[in-house]
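A.B. asks: Protein chains in written order, with my numbering: chain A, 975 to 1454; chain B, 1331 to 1426.
Straight-line alpha carbon distances no greater than 30 Å define the calculated DSSO-like cross-link-like pairs of lysine-lysine that follow:
1) A:Lys1053 - B:Lys1419
2) A:Lys1027 - B:Lys1398
3) B:Lys1413 - A:Lys1062
4) B:Lys1419 - A:Lys1104
5) A:Lys1434 - A:Lys1452
6) A:Lys1319 - A:Lys1376
7) A:Lys1062 - B:Lys1419
8) B:Lys1398 - A:Lys1062
9) A:Lys1053 - B:Lys1398
10) B:Lys1413 - A:Lys1104
11) B:Lys1422 - A:Lys1062
12) A:Lys1164 - B:Lys1419
13) A:Lys1437 - A:Lys1418
14) A:Lys1437 - A:Lys1405
15) B:Lys1422 - A:Lys1104
16) A:Lys1164 - B:Lys1398
17) B:Lys1336 - A:Lys1062
18) B:Lys1353 - A:Lys1062
19) A:Lys1053 - B:Lys1332
20) A:Lys1388 - A:Lys1434
21) B:Lys1413 - A:Lys1053
22) A:Lys990 - B:Lys1398
23) A:Lys1164 - A:Lys1152
24) A:Lys1193 - B:Lys1419
25) A:Lys1437 - A:Lys1423
26) B:Lys1422 - A:Lys1053
27) B:Lys1413 - A:Lys1193
28) A:Lys1452 - A:Lys1405
29) A:Lys1152 - A:Lys1271
30) A:Lys1062 - B:Lys1335
31) A:Lys1053 - B:Lys1336
32) B:Lys1422 - A:Lys1193
33) A:Lys1027 - A:Lys990
34) B:Lys1335 - A:Lys1053
35) A:Lys1104 - B:Lys1398
The set of hints was computed from the structure by calculation and includes no laboratory data.
Here the structure is a predicted model, which means the values were calculated and not measured.
Here is how the chains run, residue by residue.
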Amino acid sequence: MSYEAVIGLEIHSELKTNTKIFCGCATTFGAEHNTHVCPVCLGLPGVLPVLNKRVLEFAIKAGLALNCHINGFSKFDRKNYYYPDLPKNWQTSQYDLPICEHGYVDIVKSNGEKKRIRITRIHMEEDAGKLVHSGNTIKDSDTSNVDYNRTGVPLIEIVSEPDMSTPEEARLYMEKVKSILQYIDVSNCKMEEGNLRADLNVSIRPRGTDTLGTRTEMKNINSFKAVEEALTYEIERQEEVVEDGGHVVQETRTWDPERGITLSMRTKENANDYRYMPEPDLVPIITTDEEIEAFRKSLPELPDARQARLENEFGLSSYDAGVITSSRQMAEYFDAVVAAGADAKLAANWIMGDLSKNLNAENMSITDSPVEPERLGQMIGLISKGTISSKIAKKVFEEMWKCPDSPEKIVQDKGLVQITDTKAIEEIVDKVIASSQKIVDDYKGGNKKAIGALVGQVMKQSKGKANPQLVNQLLAQKLG
Amino acid sequence: MKVTKKDLETVALLSRLSIPAEKEEQYTQQLSAILDYIDNLSTVNTDEIQPIAHVLPISNVFRDDVVKESLDRDLALSNAPLKDEGYFKVPKILEG
Ligand SMILES: [Zn+2]
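For reference, chain B alone in the conformation it holds in the complex (with noise of 0.2 Å):
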């Protein structure tokens, strides 16, 4: 499969990844690959083969609604960069 500079950019913008022009090229070439390979895949017979969901063969696990003691705030907060009275402090977010 073929990876464009667009795609590159997509993919880096969902992962918020800057990626320098110099290693644009580098990266598109490497990514082609890596989906050709798992292309391979596309070439088994899979036609008697179930869906799975999990790779392992449980399900059904639960827990009781029970409370349980939370982490001490101090804790909780012990490796946030930046805290504010008890609250995690992060950079605006408001768009445009």
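Looking at chain A on its own, in the form it has when it is part of the complex (with noise of 0.2 Å):
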């Protein structure tokens, strides 16, 4: 039997706040244990919770930049747990009126297909504390230690609808919302602090059918490679299961990155009854439609609009815009690089190929470039002239890499200027042809692809210098 599989996943997002999102202490990742608590974010009796206004614009803007339809109304509810992370034995988050509702992201599959995948809602929560264990492993702790600087931090959980069949799409899902969060700037996006996770949830069907299978659920995953691979394992492990005549049980299960399998967490299921109930420390949020319209236009051009232009207005491929506009800091330094005076298709080659193989070799960020786009821009630039060739541009852009110089001193002092004088490669023609008798008579007898390995020559013996086109050129003429 073939089946196919049904997934959903509910991205949690922390937003890039100064502040926490019930109390103004810091959120600044990586401080000293327990230095960032007040007696709000401690859930200390008698507290009052503030709303964080800047908390609700980021909110907003996200469910505008996912589709989303803003809530007029909306509200907190608690969400009643026991867990110590959490020190009022609740999570302040929103239930049956959420900020947004109702969503979308168009993805593109490797196979060119487009696929829309539907949000259901996006709500506003607190993040909870860390629980570090004192033992060597978790088994060995009798007791656990609590730091609670994470707890009050802002999220935002965005919750699709289980639209994906392949764990391809998934990670297209889950690569488009975080380039959108960092087009609109709400969320550092930083997924090895934990500032994006996943929640996948997983079931499968026999293929055609709409039938919903038991599903399992995989918690905390915060890399893309992560939710491909749990989800190829899981859903092979269902198939197994299913195929051994035996059925999925419904449960929360973990991702082993390490061996590759998933394992289940074996917790009492029984105990998930979060009694919702409206927050009444918390009053209700109403947004107007100005307000909300202001909201939209403050919004940045978004990355499938970018992509569109630069197909419209530079002629570049849907691939290459995709990739560069995949990162909205990618997307501006190719605008630098197109601004600084270089040809579009060639910029994004250069981005796409050189810049993007050394900054992936040395981990960097392509903000922290040591080639600026200004700099890249000259560079192209002079391929464009004829100054240098393609291959004479990739020395220097290696040397650009290495020292702050500009691209026409580094030409001038490597010597690396490409010979357009007719006569100089003339003289090297001549020599080549002279010593390689062999080669000339092979083409004089037909065979017309022998050029190329004159053309090389010439170009070995110009140390790359030569124009190859003159050689081209040169060499037609004068073998006739």
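Quick one: dock chain against chain with the hints and give me the complex.
C.D. replies: Put into structure tokens, the structure is as follows:
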């Protein structure tokens, strides 16, 4: 039997505010434990939480950028459960009146197929604290230590419809959401710091049917690679269970990236009764249509629109435009290179080629690139003018990576100017023809491809500086 | 509404309360009586009444995103029954 998977994601994203959602404690990552806490976020009796205005603003912007409807009337609720990372024994969240509902994002799969993934809702909530285990392993510890610095850091939870059917679609969806949140600058999305993480829900069903199988959940997955690998493993595991005549058990499983498997957490699922109730300490939020429109106007150009612009304005391929606009930083770098006078297609090639290769090799972000967009733009200008060949440009690029000199200066200092002087090239061409009788005969005998070997020799003798078009022309002339 | 012994056990578990066996019957009856009383509300005609999300007629109370000083850590930990080098110390929480 052939199966298909049904996948839904709940993405948690920390918002990049200065302070927590309901108190003035700082949200800085990596502070000394329990130094960013106060009576409100410690949940001491009698305190009064007050909503951080910027959290609401960021949540509404995220909703608009993800094509959601913004609810004009919204409120907070208490989600009750007992876990020591939650000092109040409830998480302040939103239940029946979340700030955003009914959105979507579009993804493009590697086979070029476009798919729309619907978003059920986006709600605001507080993050929980961190447990630090005192023994060697969790099982050895009789006690746990708790750091409440992260308690109350603002989150949005973005809940998708179960619209994805492959691990690739799930990864693309999460990448797209991350890209959009970065474009609108509401989250740092540093996955290694846990400020973008996903809970994955997955079930399987016979291909072509619309039944819903029993689903399992994997929590707190914080890399794209892990999203794809965990889902791939879990789908295979469920298929094996069903093929062997068994039943998938509804449960939470953990992903072990070291071993590449998911494991049952054996938790008591029946205790998951959150008894949501309206939060009496926080008042409802009313947002007018005018306010929503003002937020909509404040949004920057988003990835899809930007990609379309690069395709239309510069004639970039859909693939290239998609890669360039996948991060706001790369898209801005591209714009700056073009603004410095570079040809757009060459700019895209250099950014996706040598620049990305060097950045990846040194694990650097494009905003820290030692080659600034202005210098790359100038260098591409030199290629277009014929001052240097693309091959020489690679050398110039490597020099620019190492030193802050302008591409012109590097070309001068290293003597890398392309030889466009016909006389000088002619001399080399004559020398090559004279010393390569066999190839010349071959060419004259009808093997026109043999000219390539001669061009290669001329280029070699000129140390790559001869203008290849001129070399071709001259050779063709001289060989008749 | 009739509260069963099983309902009582569920509520006790959710509230992390232990109920002595000899009190079970009494609590079950009391909970039933309370819910029956609350149920009087369902006899009120609410057709013309808007649902409310809050008992007070206020909305949109916000604060600016400005950092305020947090508590001194020793003070923050001063009420904790157990602590360990600046951490709140809690019993082991892993199930199973
Ligand atoms: Zn606080």
